[in-house]
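One line per chain: the protein sequences are G and X, in this order. Sequential numbering from 1 applies to the first sequence in full-length UniProt numbering. Sequential numbering from 1 applies to the second sequence in full-length UniProt numbering.
Source of the hints: derived by calculation from the structure; they are not laboratory data. Since this is a predicted model, take the numbers as computed values, not measurements. Please note that the accuracy of each hint is not assured.
As the list claims (entries may be wrong) - Here are the simulated DSS-like cross-link-like pairs (lysine-lysine), alpha carbons at most 30 Å apart as the crow flies:
no., chain 1, residue 1, chain 2, residue 2
1, G, LYS97, G, LYS120
2, G, LYS4, X, LYS379
3, G, LYS51, X, LYS379
This is what each chain is made of:
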Amino acid sequence: MANKKKKRFIFRSVVLAILAVAVGFALYSSFTDGEKAALKEGDTAPNFKLKTVNYEKDTLALSDFEGKGVMVNFWATYCEPCKDEMPYMEELYKKYKDKDVEILAVNLDQSELVVTRFLKEYGISFPIVHDQKGQVMGEYGVGYLPASYFINPDGTIEKKIIGPLTLDRLEGYLKDITPES
Amino acid sequence: MNKIKCECGHVNPEGTVLCEACGKPVEENQHIDGNNENKLLNMRYDGSARRSKTYNKTIVDKIWNFFSSVKVGVWLIAVTLIASSLGTIFPQEMNNQSPLPAEQYYEENYGMAGQIYYQLGFHDLYGSWWYMILIASIGVSLVIASIDRVVPLYRSLKKQKPKRHETFMKRQRLFGQAEYASEQDYHRVIDQLKERRYKVIQENGHVLAEKGRFSRWGPYVNHIGLIIFLLGALLRFVPSMYVDANVWVREGETKMLEGTEGEYYIKNEDFIVEMYDENDERYKESIEKQGGSVPKNYQTNAVLYQRTDESLPGVDPELKQVKEGEIRVNEPLKIDGFAIYQTTYQLNEFKTMTFKLHERSDADEQSIGEFTVNLVDPKSEYTLDNGYRIELYDYYPEFEMKDGVPSSFSKYPKDPAFVFHVYPPGQEEPEVNFLAIGSNLDPSGENQYKIGITDLEMRDVTGLTIRKDYTLPFLGIGGAIFMIGVIQGMYWNHRRIWIQPKEQGFWVAGHTNKNWFGLKKDLEKALDGTSVEPPEDQQELKE
């Protein structure tokens, strides 16, 4: 009789375990599915390589800044809040460049003409790369502009901000990714 | 574990309501099925032991018993239904058509209620963890409740003996005492039951005639189908099993196929739309009713490429052509398990514009020179043969005035506007021209030259859906088993007739899980030609 009771316990445990695995799998898959589309903080920032608009080299890869803190900013000329934060980035770029923090802005316009016009008008000097086909945007899962990723010197994402930044907040995040000297 | 030994000698498991062998009510368990001493027996699950409180000791047993309860199952379904209806109060995230991210959209549009809605995950109901747990619990409840019922029922039906307890006989819905029946009548009844394809088992004169027992397994077969179906739905989360993605491709453009992990690229060679002829008598009326032209066919002539290198995102990949074909509605192009369907389109997006330069004072507008601007990625300088130089100083793909400043609404050339600087030969200072569709401005008022549009090149954009679905066999087989279970349970009845010899004549009792009319007919036919009256329906008598 004790044997039968034990058998029943094992049977129930096995059935429950199989069901728990199936449910766990469903939950896990659905959450990783949603997050695969958008990177999250702590992930390693995927590397990419794009044509530059205003840089001495023709192409720039994220890996070119290895060992530095990098702010990757997704923007477009038709995005008003993006334009508003550009002057802040310009101001802080000059200040933080010596501290090994880079700003890399990924433009999503179709035409380069529009971008160069904008850069001239706003006097932007930090490197701009042109993601004409939106490939990097897709890789990073960017849905709304502007979107900024603050990447640690070790390549992990420290902070992800969707929407415009103020000067103070921007400086705070740049400080967070400044390598220790 | 306390077993219950019945007076017939059969040992029943704890929690049994009616003895598995002889059907005698087990006195201490009558409350389980709500049996009342003088009323008919509740024949649900044949009175077998479904759940036993005795095993409710470990955490495993507690979880098991929780999901085994039909009451819990019904509550789970009710809560899921309520949650599903609450999810329709505000639009779901995927349908809200807003440029705002969800965390802002709901609060801004619906205030506090919207914020709560978002926080609780109603904005993406099918993706919220608690909704998925509810659905999963229904599945778990289905499995456990089925196991907990089918096993004892099977046991009980297997162990049943023709010799039933008197109480069991008396408390059946169909019960009759034929005191004056003869030996002859008895044999005739058995023969006539056999004729009606009853399986007859005899034991010391006691008779069990049974038919359609397999109908009792219908609900469980049905549940197995449902579980396979759920499993198929679960597998949709595995990207190698299921892909459903969309992509827009402009004519001449090559794009990555979403959902193929960068493996395949598609080029839109040409997009074709044919409309029904509005002058054709056959279509005239329906086209008018529709209020506009109706497409007869639309198709993409496409070339499929496979990526041959592993380059970084942002770098144009090396491609090799793998397939070529026409994609029409319901006629997808297939490759490697993926099917590419034609779903939608947009016509006439501007591709290039050709302009001519002429003297403002020239009434004939005779061309000094022409130049073509690529509207997707325009050049900034255009040199005409005769020394004129034109600079595209500023460009707005989708022009709009924002706070008095010209700007562009998007990157797509839907309503382009241009600022041209015209440098006539030898002149350093340019003339400024502003051009948009329907307007041609001379800001200085002193321009000598004018630019006019002479030609337009349009292109179409095709909307394709990429789909891969290896879960369909699961859904198909699950659905088929589901239906087999339904048919099995619905179109067959489990009918049993017991005959118990007495010193004078015999007793007859009958039970069926449904369709009592059919059972009564069977009994009438079986008793035909004997002196025995068909037994009374004790339930009808009471009413």
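Quick rundown of the hints versus the structure:
{"no.": "1", "hint": "G/LYS97 with G/LYS120", "in the structure": "holds, 20 Å"}
{"no.": "2", "hint": "G/LYS4 with X/LYS379", "in the structure": "violated, 84 Å"}
{"no.": "3", "hint": "G/LYS51 with X/LYS379", "in the structure": "holds, 16 Å"}
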